[in-house]
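**Student:** The hints should help you fit chain B onto chain A, whose structure is shown.
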Amino acid sequence: MGKSEEVVLLNYWPSPYGMRAMIALAEKGVQYEYVSVDVVNNKTQLLLQMNPVHKKVPVLIHNGSPVCESLVIVQYIDELWAGDAKPVFLPSDPYQRAQARFWAHYIDEIFEFGRKIWIKTGEEVEKGKKELVDSLKLMESQLGDKPYFGGEELGYVDIALVPYYSWFYTYEQFGNISIEAECPKLVDWAKRCMKKESVNKALPDPVKVHDFVVMLRKKFGVDS
Amino acid sequence: MANELILLDTWVSPFGMRVRIALREKGIKFEYKEEDLTNKSDLLLKMNPIHKKIPVLIHNGKPVRESGIIVQYVDEVWHDKAPLLPSEPYPRAQARFWADFVDKKIYDTGRKIWTTKGDEQKSATEEFIGYLKTLEAELGDKPYFGGEKLGYVDVTMIPFYSWFHAYEVSGNFSIESNCPKLMAWAKRCMQHESVSKTLPDPKKVYEFILQLKKRLGIE
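For the protein sequence lines, the chains are A and B, in the order given. Heads up, the first sequence is in the working numbering, so the first residue is 1 and it goes up one at a time. Heads up, the second sequence is in the working numbering, so the first residue is 1001 and it goes up one at a time.
Keep in mind that a hint or two might mislead.
DSS-like, lysine-lysine: derived pairs with alpha carbons at most 25 angstroms apart [claimed, not checked]: (1) Lys1197/B x Lys1029/B; (2) Lys1062/B x Lys146/A; (3) Lys120/A x Lys1105/B; (4) Lys56/A x Lys1203/B; (5) Lys1029/B x Lys55/A.
Hints in this document: simulated from the structure, not taken from any laboratory.
In isolation and in its complexed conformation, chain A is listed as follows (with noise of 0.2 angstroms):
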């Protein structure tokens, strides 16, 4: 390939979708641009051109050309940059590949439950703090023994998951819980997956996550 590869990943760090992203392009070794676009308060004529359909982050784009929603990427990343001894996220068996897609589309929802802790008050957030540990303890149950869900190495499911690891504490703070007493071993995954340099690259500082929902919090008028 000798044409020069453009890469360039529009992002807002807190976002656990981006953090897949970056996880899949930083495994397999892609040298690209990280541009930080701020979706709170600004977002930028790159975002609303690059994706005029959601108008949200992460958006890879790649010699100019997009790809949106952050399981798509991952896919995409997968499929383009492979070889050469580089890691392998899906499985190679159509069977075990849908199974793995079926969680990583599961794992979508475990955000929504978390958000209504955050977000929400009263009745809701008990709703979804249930939601949210009985969701992980299913994710546990996945993982069994291995020490990834993708098996002796980091997969498509694990990149999907880990990123919420970074919410942990939000989640923790806001809802009275403890993550790490209902689901110790999916916390011992997340550490273990945190030793890989591509993983705790992008994952931010939980408490500057939690830092960023208060912030949220107040301008949504959550806080009275």
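**Tutor:** Relative to chain A, chain B alone:
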């Protein structure tokens, strides 16, 4: 290896229709099991314990869940017959993006049209038309979203064509007058036996939602 395929589904589900179209496009034989969603079978609860939803494709005893995932699975296993996803990564990413758009926007907004009234319904109808126009723009001058042939996005979206009449009557609007190119695309798809054999009579879909509204206690 004997290929045993069982599809747990219900006649009116646009999600189930996607799977049926994909299987029929590829000429794959399968056993269809109609589920009564008010009385889910033990098999469904066993095969999809998390969501308890249809469609579920059971291939040699192993379940595949979520319609988009099932269609991709079928496309990968029977890749030599009528491929639905593009072979190149970038067009494939675009196809996945647009299928995800249909999944996120069409069913839920459409549902608001027949479950609400007044301003809420009007707002849902406008939102729905907006999404259809976005799809129309993406289609452009191509005969299909997949280009010259039926593809992944076509299979994902076309089942909703059988629900258009129900949306139109409920929301008192015309999809044809708002999105003529999309209607032309839908009629083009209906010329495929895989589609025309799968999509139910729109009038039956409308009767179904009237009954569903009664059951859900919606006026």
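**Student:** Run every hint past the structure and note whether it holds.
**Tutor:** Results of checking the hints against the structure:
1. Lys1197/B x Lys1029/B: Cα-Cα ~14 angstroms, so holds.
2. Lys1062/B x Lys146/A: holds, 21 angstroms
3. Lys120/A x Lys1105/B: Cα-Cα ~23 angstroms, so holds.
4. Lys56/A x Lys1203/B: violated, 38 angstroms
5. Lys1029/B x Lys55/A: Measuring from Cα to Cα gives roughly 42 angstroms; hence the hint is violated.
Hint compliance for this structure: hints 4, 5 are broken, all remaining hints hold.
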